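S.K.: Chain residues, written in single-letter form:
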Amino acid sequence: MSEPVSRPNGHPSGAAGHEGMDRRSFLRTSAVLASGMAALAASLAPLRNLRDFPSMERFLQKHYKELTPPEMRKVLDRITREVETQYGLRPEVRDYKPMDGVEFVYCLNLTRCIGCRKCVHACVAENNQSRDPEIQYIRVLRMPHGSLDLEKSDPNYAPDTVPEKGFFYMPVQCQQCKKPPCVKVCPVRATWQQADGITVIDYDWCIGCRYCEAACPYFARRFNWTRPWIPKDRINLNMSYLGNRPRRQGVMEKCHFCIQRTRAGRYPACLEVCPAGARKFGNILDPESEVSYIMKNKRVFIQLKEEVGTSPRFFYYFDV
Amino acid sequence: MIKGARNYFTFLRRCARIAFVGDWRYYAWMGVLSIIVLVGINAYARQFVNGLIVTGMSDQVSWGVYIANFTFIVGVAAAAAMLVIPVYIYDNKELHDLVIFGELLAVAAILMCLAFVAVDLGRPDRFWHLIPGIGEFNFPHSMLSWDVIVLNGYLLLNVHICGYLLYCRYRGRTPAKWFYIPFVFIAIGWAISIHTVTAFLYVGLGGRPFWNSSIVGPRFIASAFTAGPALIILALQVIRRVANYQIADKALLTLRSIVQVSMLINVFLLVNEVFKEFYSGTMHVASSEYLFFGLHGHHALVPWIWTAIVFNLVAMFILVLPLSHSLKWLNAACLLAIVGIWIEKGMGLVVPGFIPTQLGEMVEYTPSVNETLVCLGIWAFGLLCYTVFLRMSIPILQGQLCQANEQAGARAAGH
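In order, the protein sequence lines correspond to chains U and G.
Heads up: the first sequence begins at 249 in the numbering used here, then just goes up one per residue.
Heads up: the second sequence begins at 1266 in the numbering used here, then just goes up one per residue.
Derived from the structure by calculation, the hints contain no laboratory data.
Remember, it's a predicted structure, so these values are computed and weren't measured experimentally.
Even for Gly, the Cβ is constructed at its ideal location relative to N, Cα and C.
Honestly, I wouldn't trust all of these hints.
Said to hold, decoys possible - Below, simulated EDC-like cross-link-like pairs (lysine to aspartate or glutamate); rule was C-alpha separation at most 20 Å, straight line:
hint : chain 1 : residue 1 : chain 2 : residue 2
1    : U       : 480       : U       : 330
2    : U       : 310       : U       : 330
3    : U       : 480       : U       : 300
4    : U       : 553       : G       : 1626
5    : U       : 546       : U       : 567
6    : U       : 426       : U       : 534
7    : U       : 366       : U       : 351
8    : U       : 400       : G       : 1514
9    : U       : 310       : U       : 325
10   : G       : 1442      : G       : 1356
11   : U       : 310       : G       : 1390
12   : U       : 400       : G       : 1356
13   : U       : 400       : U       : 555
14   : G       : 1358      : G       : 1514
15   : U       : 400       : G       : 1390
Claimed, not checked - Computed from the model, here is a short list of chain G residues facing chain U with C-beta under 7 Å:
hint : residue
16   : 1267
17   : 1271
18   : 1317
19   : 1327
20   : 1474
21   : 1628
22   : 1629
23   : 1668
24   : 1671
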């Protein structure tokens, strides 16, 4: 580097010498360039296995809120085709909207939960989560009697039978916060809260930065670390755009209170399957609803991690 | 106008050309870096196809060495301000000609930062969703959107300042003060902001008690102003040796004072944090306990953090002793400080924030081989950029590459 002026080869000048030099340096430059390109091509070799290259249509797709109704129909058609190609079955893909005058609330009776994890698996089946690697939205914590210290909890308990003596069980899933930190931190507004209180994700807009996963105080969000895999005969064909349609590699997902069911007047899958009747779900704006009754009449209920100020719509209570 | 454009184009072309010219040491160095970059690209191609599953990250520990390195290098970029402040505010003569090397380091560092964020994305094909105006930019709510603005703004500021000063030197003109001095002062404030905003990425998360602490910002600044100038001290000596560029020892010793004071503040702030965590001993101490002593039989980070602490303390002692007036000792202290802070701010800050999880589960994190190769590739890319920038700017600063010898240069190049 001590000779910085462009004098690549300190050779005596002269017309003939120059020309020879030119050819040689040209050949040398070409050789260097060619081997450089070859090395770059070789280093990019793994791209030959790319299975999921986005089409122009998908690449340019707009944010959910910017799609006009005709555009939305086209997107839903495309998703239908894609699912049909991949799984050989024709799904019913709809864009379920929040209902007027509805705010959903979930109540979970800790006295009743027996820790059987039936909710966990019903959720996976309903919401088309990847089976390999398996993604689960609900995590059931086994807690020792007398404490709500999450650090004493065990999510990996595996006894022969439940419930076990000396423990209670606390299922945790997305708490559908009124002040959701995940929504605040998303740099591209790929996740937001809708009128019925459900925080949804546009899987076609998420860039996979996982900031929301870091921000969530409840470990509710899940990332597709690789291409999701679902057996063909396990696919749930009742699909919603912001809910349970199959996801792609590299995007976030989480519990959305089964919008494909609840926005059509049904209960979430986790509630329906619960053998202990520990799960209650409904419209808090309706004074006659079960959840309104629980909120009015149960003496103790808990918002998990109340101190972080997220104000969950998911309440834990006891039969006292 | 057209003539001006043509002049500028000639300048750019000559700069580009000289980047490919050097002695055998230059070719060897650039060759080795290029190979490491290619290995990194290969590893990234594998990740692009198979997803981030090829890393050591999980839903429990969802950020790893990519974001750790990003955090450290933002600090290096911010530290360029520590060369600029003495020159433009305190009118320090020794550092005057060296400012440009600091700013070029900042440019290379920001390029590395952008690369580290890019490789961490699950859907890099959707990067355009982040572009203000075209995508859906969640400004001002998301601190990540602030980071996009401050990092790119800082990149532009430094590219402008360096580019303009070098071009003036090339043309043999005196730079117009109004065209760069205001930007220099904006860049000083901006430098603080890039690292503060990066700290706020973490600080703003109420669900992560380990990060949700107001001391993280000040600690970031203090450690950046230790590691950054330490890196510049080492880089300047390499430049002096390899490029025959005159750099007075006095300049290095001025930087020494900066590193010295910053290191003392850095260690002081660390003591504050450790005291608060362990003396009060609330439930929120879990992550710190995991980091420093291990928790429930998990202690992957314990040897790392104590290495970092020993390195930082040894560096601090060397720096406060008169001993460090000798370059040998100063270099040792700088090296220890850089490694110590890289561990402390990278793995020591990002990873324990996730352990235990929000629900109290213990899942540890070790970077995978593929992930490590991507990181090495980006480091090599950064060094490659910095070397090229220096290769272009040193001859300009020395007057060997200038408009006056355009003709001669063209002839020598054979055209």
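S.K.: Does each hint fit the structure? Answer for all of them.
M.R.: Hints, verified against the model:
1. 480(U) <-> 330(U): 13 Å, holds
2. 310(U) <-> 330(U): 18 Å, holds
3. 480(U) <-> 300(U): 18 Å, holds
4. 553(U) <-> 1626(G): 16 Å, holds
5. 546(U) <-> 567(U): With Cα atoms ~7 Å apart, residue 546(U) and residue 567(U) stay inside 20 Å; holds.
6. 426(U) <-> 534(U): Distance of about 18 Å is within 20 Å: holds.
7. 366(U) <-> 351(U): Judged against 20 Å, a Cα distance of about 26 Å means the pair is violated.
8. 400(U) <-> 1514(G): 57 Å, violated
9. 310(U) <-> 325(U): 15 Å, holds
10. 1442(G) <-> 1356(G): Since the Cα atoms of residue 1442(G) and residue 1356(G) sit roughly 15 Å apart, the hinted pair holds (cutoff 20 Å).
11. 310(U) <-> 1390(G): Roughly 14 Å separates the two Cα atoms, so the pair holds.
12. 400(U) <-> 1356(G): 59 Å, violated
13. 400(U) <-> 555(U): 19 Å, holds
14. 1358(G) <-> 1514(G): Given that 20 Å is the threshold and the Cα spacing comes to 13 Å, the pair holds.
15. 400(U) <-> 1390(G): Given that 20 Å is the threshold and the Cα spacing comes to 41 Å, the pair is violated.
16. 1267: Hint on residue 1267(G): violated, closest Cβ of chain U at ~25 Å, above 7 Å.
17. 1271: 19 Å, violated
18. 1317: Holds, about 5 Å.
19. 1327: At 5 Å from the nearest chain U Cβ, residue 1327(G) passes the 7 Å test, so the hint holds.
20. 1474: 9 Å, violated
21. 1628: Check failed: Cβ of residue 1628(G) comes no nearer than 10 Å to chain U, outside 7 Å.
22. 1629: 15 Å, violated
23. 1668: 13 Å, violated
24. 1671: 11 Å, violated
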